[in-house]
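Enquirer: Sequence:
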Amino acid sequence: MRFIDSNIFLHAFLIPSRQLTREEQLIKDEAKAIVKRVEEGEEVALTTVHLSEVVNIIEAGLDLHRSLRFLAWAVTSENIKVYPVTAEDYGSAIPLAEDKSISANDALAYLIMKAHGMNEIYTFDRHFGQLREILKLPQSKTQ
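Under the working numbering, residues 1 to 143 are what the sequence shown spells out, in order.
Rather than coming from a laboratory, the hints here were simulated on the basis of the structure.
Hints may be right or wrong, so weigh each one.
To be verified - With a Cα cut of at most 20 angstroms, we get these calculated SDA-like pairs of lysine to any residue:
{"no.": "1", "residue 1": "K32", "residue 2": "K114"}
{"no.": "2", "residue 1": "K81", "residue 2": "A97"}
{"no.": "3", "residue 1": "K114", "residue 2": "E88"}
{"no.": "4", "residue 1": "K81", "residue 2": "D99"}
{"no.": "5", "residue 1": "K36", "residue 2": "K114"}
{"no.": "6", "residue 1": "K28", "residue 2": "T48"}
{"no.": "7", "residue 1": "K114", "residue 2": "L137"}
{"no.": "8", "residue 1": "K32", "residue 2": "E43"}
{"no.": "9", "residue 1": "K36", "residue 2": "E88"}
As the list claims (entries may be wrong) - Cβ pair distances, simulated, as ranges:
{"no.": "10", "residue 1": "E88", "residue 2": "E23", "range": "21 to 29 angstroms"}
{"no.": "11", "residue 1": "P138", "residue 2": "E78", "range": "33 to 41 angstroms"}
{"no.": "12", "residue 1": "I15", "residue 2": "L71", "range": "34 to 42 angstroms"}
{"no.": "13", "residue 1": "A33", "residue 2": "H127", "range": "34 to 42 angstroms"}
{"no.": "14", "residue 1": "A33", "residue 2": "T76", "range": "30 to 38 angstroms"}
{"no.": "15", "residue 1": "E24", "residue 2": "H127", "range": "30 to 38 angstroms"}
{"no.": "16", "residue 1": "E23", "residue 2": "T48", "range": "14 to 22 angstroms"}
{"no.": "17", "residue 1": "L135", "residue 2": "L14", "range": "19 to 27 angstroms"}
{"no.": "18", "residue 1": "I94", "residue 2": "H65", "range": "20 to 28 angstroms"}
{"no.": "19", "residue 1": "P138", "residue 2": "S77", "range": "28 to 36 angstroms"}
Just so you know, these numbers come straight off a predicted model, no measurement behind them.
Don't be surprised by glycine CBs; every beta carbon is placed ideally from N, CA and C.
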């Protein structure tokens, strides 16, 4: 099972307000391909925090109905595991976030991955490259 970062869903679903660059379009296309594999049953995991990021941004960028449809799909799909997050989890993420100069949510994803035996993440976030124990996917020339 791989962890899936919120930015994969956002690149796949959000409608840009301008013409994308070639590199941006490649990222969007790759994100759509990953989401298609998830829709077809590939097993992935994320946390309630990362799910909330997606739901809130889809609501702001598209509309409430689409964000709720996404949420319903994510929480009812048997191939999508949503891990809960506690205040203690966030507290544990702070030292890693400070040490690696990454966001608290990126550090949280890493800690949840390690706690559940995952070492691969779908993400376009370059910060995950600093966490050598995990493999950042997709590995593209644009990253």
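Enquirer: Run every hint past the structure and note whether it holds.
Expert: Right, here's what the structure says about each hint:
For the given pair, K32 sits about 26 angstroms from K114 by alpha-carbon distance, which is inconsistent with the 20 angstroms threshold. Restraint check: the Cα-Cα separation between K81 and A97 comes to about 24 angstroms, which exceeds 20 angstroms; the hinted pair is violated. Of the pairs offered as hints, the one joining K114 and E88 holds, with about 16 angstroms between alpha carbons and a cut-off of 20 angstroms not exceeded. Between the alpha carbons of K81 and D99 the distance comes to roughly 28 angstroms, so the proposed pair goes past 20 angstroms and is violated.
A C-alpha spacing of about 26 angstroms is found between K36 and K114, which places the hinted pair above 20 angstroms, so the restraint is violated. Taking the CA atoms of K28 and T48, the gap is about 23 angstroms. The hint is violated against a cut of 20 angstroms. With a CA separation close to 16 angstroms, the supplied pair K114 and L137 stays within the 20 angstroms bound. Distance hint between K32 and E43 is fulfilled; the C-alpha atoms sit about 16 angstroms from each other, no more than 20 angstroms.
For the proposed pair K36 and E88, the alpha carbon gap of about 34 angstroms is over 20 angstroms, so the pair is violated. Range check, E88 to E23: about 39 angstroms between beta-carbon atoms, so the 21 to 29 angstroms window is missed. At about 24 angstroms, the beta-carbon gap between P138 and E78 misses the expected band of 33 to 41 angstroms. The hint said 34 to 42 angstroms for the Cβ distance between I15 and L71, and at roughly 19 angstroms that hint is violated.
The supplied range of 34 to 42 angstroms is broken by A33 and H127, whose beta-carbon atoms lie about 22 angstroms from each other. Range check, A33 to T76: Cβ separation about 22 angstroms, and the 30 to 38 angstroms hint is violated. E24 and H127 have their C-beta atoms about 18 angstroms apart, which leaves the hinted 30 to 38 angstroms range violated. The given range of 14 to 22 angstroms is broken by E23 and T48, whose C-beta atoms sit roughly 31 angstroms from each other.
At about 26 angstroms, the beta-carbon gap between L135 and L14 stays in the expected band of 19 to 27 angstroms. Distance hint check: the CB atoms of I94 and H65 are about 36 angstroms apart, inconsistent with the given range 20 to 28 angstroms. A hinted range of 28 to 36 angstroms is violated for the C-beta pair P138 and S77, which are about 21 angstroms apart.
Violated hints, in rising order: 1, 2, 4, 5, 6, 9, 10, 11, 12, 13, 14, 15, 16, 18, 19; the structure is consistent with all others.
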